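Using the UniProt record's numbering, the first residue of the sequence shown is number 1, and each one after it goes up by one.
Warning: the hint list may mix true and false statements.
Claimed, not checked - Label pairs and their computed distance ranges (CB to CB):
#1 Q135 / E79: 36 to 46 Å
#2 R78 / Q135: 18 to 28 Å
#3 A76 / R26: 15 to 25 Å
#4 M9 / A73: 21 to 31 Å
#5 S65 / Q99: 31 to 41 Å
#6 R78 / E145: 28 to 38 Å
#7 P174 / S65: 36 to 46 Å
#8 R78 / G48: 30 to 40 Å
#9 G136 / R160: 15 to 25 Å
To be clear, the hints were calculated from the coordinates, so they are not data collected in a lab. What you are looking at is a predicted structure, and each value in this text was computed from that prediction instead of being measured. Built from N, CA and C at the ideal position, the CB exists for glycine as well.
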Amino acid sequence: MYLERNFSMKNIVCFGDSNTYGYDPRAAFGTRYPDGTYWVDILHAKTGWKFWNMGVCGREIPHTSFQIQTACAELAAREPSADALWMMLGTNDLLSGEQITAETVGLRMEAFLTSLLNSFSVRKLRLITPVKMRQGTWTTSAVIEESEKLQPVFRSLADRLHISLTQTEGWEIPLAFDGVHFSEQGHRKFAENLLRDIPLL
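Take the sequences, apply the hints, and build the full model.
This is the structure we're talking about:
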């Protein structure tokens with residue numbers, strides 16, 4: 001059932017990683033949560049909007065010339081029919097094992113978004129800060145600390161580029177045993193929190 005709110009039809013591109021895709025880490029080799037239970041599908045059900053789920057498991061922020069060029073071309077193709085592009089990336093960069101810091105993630109995101117703005121309207125962009133990781137089978141105390149630092153780093157970046165920002169600080173999203181991926185309850189709570197930002201688009 002759609003919410004009883006005055007929503008006009010929108011087309012939203014969601015560009016992210018496994019938490020956008022809807023990855024379920026409970027299976028031996030991982031799988032996807034059932035349709036309708038991850039946040040992108042939940043928002044579609046509640047708003048009636050069209051959501052393009054462009055979440056890819058393991059995706060880092062495009063940061064090589066080839067990666068940036070490829071991602072920008074892929075997203076530029078969506079631009080004419082998209083009302084908004086929501087981007088949530090950075091978690092896998094911190095998990096890459098290369099001792100990447102929040103500041104490095106911010107620099108990668110700034111370089112990528114600066115290139116993307118050559119083909120995507122700034123008014124359509126919304127940067128979403130990744131949810132802080134917690135203690136789990138995939139995380140270390142250092143990674144958790146850096147993930148918390150993404151909030152101010154992304155806030156500063158959004159201010160510099162004049163793009164919309166959704167900060168997840170304080171959302172307390174339930175995560176799976178790995179300390180990284182949303183649980184099914186986490187997807188529901190994440191969608192509920194995002195709904196509060198939709199009128200601001």
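Could you tell me which of the hints above the structure violates, numbers in ascending order? 2, 3, 5, 8 and 9
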